[in-house]
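Work out the full structure: start from the sequences and follow the hints.
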Amino acid sequence: MTIALLQQTFNKRVKGPNARKKLFAISDYLLEHYNIEISINEQIETYIIQIMELIRNNPENENDLIDDLLNILNDRYSNGEPYFFSALSTTLDAVTLHNYLVRLFGNNQLSYEAFDFEMANHTYDSIEKTVYIKLRYTQWYINNVTTEREREMHSGSIALHFDLTNKLCMSSHIGYSKVFLDLTTYICSNLENFSIKPAYLQNEAKTMKNARISPYAPITLLSVYLIFKEIENIGFIVDSVDSLNFHNENAPRVKNARLGGNDLLDDPDVITKIHSGDKITRFTISIKKIYTNSGIERVVTTKLTINFSGVLKFNFGESEFHEEVMKKVCLDLYQGIINLWKSDDTVENSEKLIQERIMNSTRYTNALFAGVMAQVKENLLEVFTSDTASQTKIISYFREKYNLN
Numbered sequence: 001m002t003i004a005l006l007q008q009t010f011n012k013r014v015k016g017p018n019a020r021k022k023l024f025a026i027s028d029y030l031l032e033h034y035n036i037e038i039s040i041n042e043q044i045e046t047y048i049i050q051i052m053e054l055i056r057n058n059p060e061n062e063n064d065l066i067d068d069l070l071n072i073l074n075d076r077y078s079n080g081e082p083y084f085f086s087a088l089s090t091t092l093d094a095v096t097l098h099n100y101l102v103r104l105f106g107n108n109q110l111s112y113e114a115f116d117f118e119m120a121n122h123t124y125d126s127i128e129k130t131v132y133i134k135l136r137y138t139q140w141y142i143n144n145v146t147t148e149r150e151r152e153m154h155s156g157s158i159a160l161h162f163d164l165t166n167k168l169c170m171s172s173h174i175g176y177s178k179v180f181l182d183l184t185t186y187i188c189s190n191l192e193n194f195s196i197k198p199a200y201l202q203n204e205a206k207t208m209k210n211a212r213i214s215p216y217a218p219i220t221l222l223s224v225y226l227i228f229k230e231i232e233n234i235g236f237i238v239d240s241v242d243s244l245n246f247h248n249e250n251a252p253r254v255k256n257a258r259l260g261g262n263d264l265l266d267d268p269d270v271i272t273k274i275h276s277g278d279k280i281t282r283f284t285i286s287i288k289k290i291y292t293n294s295g296i297e298r299v300v301t302t303k304l305t306i307n308f309s310g311v312l313k314f315n316f317g318e319s320e321f322h323e324e325v326m327k328k329v330c331l332d333l334y335q336g337i338i339n340l341w342k343s344d345d346t347v348e349n350s351e352k353l354i355q356e357r358i359m360n361s362t363r364y365t366n367a368l369f370a371g372v373m374a375q376v377k378e379n380l381l382e383v384f385t386s387d388t389a390s391q392t393k394i395i396s397y398f399r400e401k402y403n404l405n
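Quick note: the sequence shown, position 266, residue 266 per full-length UniProt numbering, numbers continuous.
Keep in mind that the hints were calculated from the coordinates and are not lab data.
In this text, a Cβ means the ideal position worked out from N, Cα and C, and glycines have one as well.
Errors might be hidden in some of the hints.
Said to hold, decoys possible - Derived DEER-like restraints, expressed as beta-carbon distance ranges:
| id | residue 1 | residue 2 | range |
| --- | --- | --- | --- |
| 1 | G235 | I142 | 44 to 54 Å |
| 2 | M52 | T96 | 37 to 47 Å |
| 3 | N193 | V300 | 12 to 22 Å |
| 4 | M52 | R103 | 34 to 44 Å |
| 5 | Q109 | T46 | 29 to 39 Å |
| 6 | S189 | S240 | 17 to 27 Å |
| 7 | A159 | N35 | 21 to 31 Å |
| 8 | Q391 | I296 | 46 to 56 Å |
| 9 | T185 | K129 | 16 to 26 Å |
| 10 | A159 | S240 | 29 to 39 Å |
| 11 | I296 | V325 | 11 to 21 Å |
| 12 | N166 | G235 | 30 to 40 Å |
To be verified - No farther apart than 25 Å at their CA atoms in a straight line, the calculated lysine-lysine pairs in the BS3-like style are these:
| id | residue 1 | residue 2 |
| --- | --- | --- |
| 13 | K229 | K328 |
| 14 | K229 | K303 |
| 15 | K129 | K167 |
| 16 | K209 | K229 |
| 17 | K167 | K327 |
| 18 | K313 | K289 |
| 19 | K313 | K134 |
| 20 | K342 | K377 |
| 21 | K313 | K167 |
| 22 | K377 | K352 |
| 23 | K197 | K209 |
| 24 | K134 | K206 |
| 25 | K167 | K206 |
Here it is as structure tokens:
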């Protein structure tokens, strides 16, 4: 029965955008606990055959093995590769911090608020001054009336990377901020001379020099500099801006808007929103890096989303980049953002970029004109709602005359 359940769960859970992550997790588990290596490119049936053979050879471990594999398959997996950021303040060195964390979590399951945490892995590097811990978590539904735990909601893994040199705490493997925030809160409440402050960049950006007298939102200025300059500074090329999320608390009706497409910074709606002081709270860009080996160029691409709407979050899409490369990009960008926030000329430089790259006179005039024409077209279509022939002529006219579809 348990074998059948495992096979059924495999077929149900190993599909969609996170299928490879689940196969990676199972491969890691089998290699770590049973020294069995399975290629990630193998079919699901290959995994099941190997697991069934493992059970036949280790009948005494059958229940534990199947329970572990079911947990991996049912875990919550985030889309892409997400990273959350917080500023770290401590007088502890890497060895001491590592030992404190090992003692804090021990070998037992630890409960805090709606979560259970259990240490899965830990290491440190006294030369690089870094500490790494990986934990399994389970989140429970808590009845608001009785305050009792009633049912399991989610489970998964979260890793914390402590960089004492750069005074940074970064999480990976999970895009759910509540796990990160509750876990770091628990750690801070149990360690002396240790604090973690989540990076809320929307608030920090307001303190940039001259930010209050700029016509543009501070976080928009920061976003523009990242897109046009900082990505290039760390060795990548921005191929396109794929989506932009805007927020305007003073808007009478729609306060949030998400725009997607190609060449978004040429889009009349985008130009108008930036000019109106709307905040870019999140953006997605396609980036690439060119590697040269023996005279042969190889291009590796991915999508990168930077989210300022809550705790600073970076999220990478599917790519061939190794995890260490993504971590390096995150660290470089985070440090770049901190430097921009503290720099005296970020606002001035970002305003110049907006004028030169987004709102130069020709582009801005064309954008405004296109916006007006699009509105005229929509108004005419509303007037002739019941006249199909006239609507067809209107659409054809604006397409041929102004290239408006």
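To see whether the hints hold, each was checked on the structure:
no., hint, in the structure
1, G235 - I142: 44 to 54 Å, "46 Å, holds"
2, M52 - T96: 37 to 47 Å, "46 Å, holds"
3, N193 - V300: 12 to 22 Å, "41 Å, violated"
4, M52 - R103: 34 to 44 Å, "40 Å, holds"
5, Q109 - T46: 29 to 39 Å, "33 Å, holds"
6, S189 - S240: 17 to 27 Å, "44 Å, violated"
7, A159 - N35: 21 to 31 Å, "23 Å, holds"
8, Q391 - I296: 46 to 56 Å, "54 Å, holds"
9, T185 - K129: 16 to 26 Å, "23 Å, holds"
10, A159 - S240: 29 to 39 Å, "30 Å, holds"
11, I296 - V325: 11 to 21 Å, "19 Å, holds"
12, N166 - G235: 30 to 40 Å, "18 Å, violated"
13, K229 - K328, "17 Å, holds"
14, K229 - K303, "17 Å, holds"
15, K129 - K167, "10 Å, holds"
16, K209 - K229, "19 Å, holds"
17, K167 - K327, "15 Å, holds"
18, K313 - K289, "21 Å, holds"
19, K313 - K134, "19 Å, holds"
20, K342 - K377, "46 Å, violated"
21, K313 - K167, "17 Å, holds"
22, K377 - K352, "34 Å, violated"
23, K197 - K209, "22 Å, holds"
24, K134 - K206, "34 Å, violated"
25, K167 - K206, "22 Å, holds"
In summary, the structure is inconsistent with hints 3, 6, 12, 20, 22 and 24 from the numbered list given earlier, while agreeing with the others.
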